[in-house]
Amino acid sequence: MVVSDLVAWLDYAGVAVFAATGALTAARHRHDIVTFCFFAAVTGIGGGTLRDLLIGAPVFWVEQPAYLAVCMVAAALIWILGERPQGSRLLLWLDAVGLAAYSVLGAAKAAQMGVPPLAAVVMGVLSASFGGIVRDVLAGQPSVLLRREIYVTAALLGAGAYVALRLAHVESSYAALGAFGGAFALRAAALRLGWALPAFPGRDETKPAAPWTGVPPTE
Amino acid sequence: MVVSDLVAWLDYAGVAVFAATGALTAARHRHDIVTFCFFAAVTGIGGGTLRDLLIGAPVFWVEQPAYLAVCMVAAALIWILGERPQGSRLLLWLDAVGLAAYSVLGAAKAAQMGVPPLAAVVMGVLSASFGGIVRDVLAGQPSVLLRREIYVTAALLGAGAYVALRLAHVESSYAALGAFGGAFALRAAALRLGWALPAFPGRDETKPAAPWTGVPPTE
Amino acid sequence: MVVSDLVAWLDYAGVAVFAATGALTAARHRHDIVTFCFFAAVTGIGGGTLRDLLIGAPVFWVEQPAYLAVCMVAAALIWILGERPQGSRLLLWLDAVGLAAYSVLGAAKAAQMGVPPLAAVVMGVLSASFGGIVRDVLAGQPSVLLRREIYVTAALLGAGAYVALRLAHVESSYAALGAFGGAFALRAAALRLGWALPAFPGRDETKPAAPWTGVPPTE
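Protein chains in written order, with this note's numbering: chain G, 1 to 219; chain U, 1001 to 1219; chain E, 2001 to 2219.
The shape of chain G in the complex, shown without the other chains:
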């Protein structure tokens, strides 16, 4: 009971946090309130939308407009509160919560629909990362995919751990909490300690070493 309540709250919280990162992107480009809402909605519900299309489920927010309302509220809050240095730091951590929650919820919804394990893992990863990818493409900024930091990898850990624990017959709520904790811990380590996976060796032909990561340029 308590666990399933927690899951429902994580669901709305994940949408709200992703939506806020979308609105912040609109703020950085000085957009108007309608574009704020557009970016908030695309980022907040984009990942789950792709997941539902791929597994053949009805798209979750079409029947439950509460998700759209959550995105609008997030956009309005960012508009009212404005940009604050400490807010953007806070959001990075909330985004880590959303990432971990959505990787697990996405995999769980796919598994529930009878999707095979490997594809269910992919659905978890897409649920957690696709909204942010579309946000970056629409804003014309380098995608989270192109940053050499542990982001998609944390989603992969969350979705993979959930599916693996379920295959080992761990009860669904416990599997979800364990996988959520693992994904959040990995993302937190990346944020605090600058963890990154080793890059493909060789000289980058396209640009100088990315300044976003804590790792030294590839040798």
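Bear in mind the hints are in silico, worked out from the structure with no lab data behind them.
Among chain G residues calculated to face chain E with C-beta under 8 Å, some are:
id, residue
1, 115
2, 145
3, 156
4, 199
A few chain U residues that don't get close to chain E, going by computed Cβ distances all over 10 Å:
id, residue
5, 1009
6, 1085
7, 1093
8, 1112
9, 1143
10, 1169
11, 1171
12, 1173
13, 1189
14, 1192
15, 1198
Because the structure is a prediction, the values reported are computed rather than measured. By construction, the Cβ of each residue, glycine as well, lies at the ideal position given by its N, Cα and C atoms.
Once you've looked at the hints, dock chains U and E against the given chain G.
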């Protein structure tokens, strides 16, 4: 009868006009005729395609290839007529007709399928704007989303007014015509008078003030 | 029997080759292994995914994770083998095989589902080209669409020839092989002889003549 004929014509006209803006983008980049057709099709039918996928309807042009043929004809016309300064101005106004028509038609189709009001409004906005967004992303040019002008907002007015009028039990054809007129009038005002919504206040960190709009740079 | 085996092999081979081009893009940007797999999967199965969504079929790789596994293997191979000048040349030719195979397979699957001829041709073109388009958009590099070379055109020939031969009551396997051969021959000619369709005449306002093609700049 006359009204429903008008709606059918607005439908094809909207696709043709959007397709022409796609072909014009290909012309600006000196592409070949196949890429002309590709851009015309993506822009002409992209918005309605996303709407149909999201509401779970069969994608409209798959069963009725006449829409594809309209896009090909539009691409061929742009190829033959070439670029003309006055043509691009004309197209801006025709695009305003397409925008207004599609925001209403998109919302109406969603409402007909039983989609709840808030989601139906979103479907109208996406039908009217998504084709142009994909066109801009594929062409690598700044998206219509990133221009601080009233474009998505006009689509929002059209879709929102239609849904609101229907909730107030206005007959469907009248609601459609009223909403179409409102959306077109707002877009026309933006084109003629340089109307824009207020931007999020603060210094734009990403680039100098956009030269596209009639509004002064944000203070 | 032999022909249908060939078709099945072409299917996996096409996915593998497209996936390898995705992984090579990740290699050029010095990404980590997770991003390698992401780019490999998006490029390898992106086109078929869009086709299945548009024709209302279950997405092919969700039920058959072997396709995902093929993408992972392709990503791992590129990671291990590294970039080699001759490898990238080989891949260009393998990509031509994938392009020809997928244009035919995509049109054939759509036709089998009862999609009308013109729309089936579009499905073939999208199956063959959409994965590469998404790869380029995500990597922030100029899309294959924007290069003035015969690429989408070869896919159009393959899909169009297959549908035309089937309408002329040619047996499915023969139609597939003939269309495949035509598409591959056209793409090969483009690669070897620098063939290109004539560009839309006029001065390119957006950038200097593209250096990718064998054709002289438009006059």
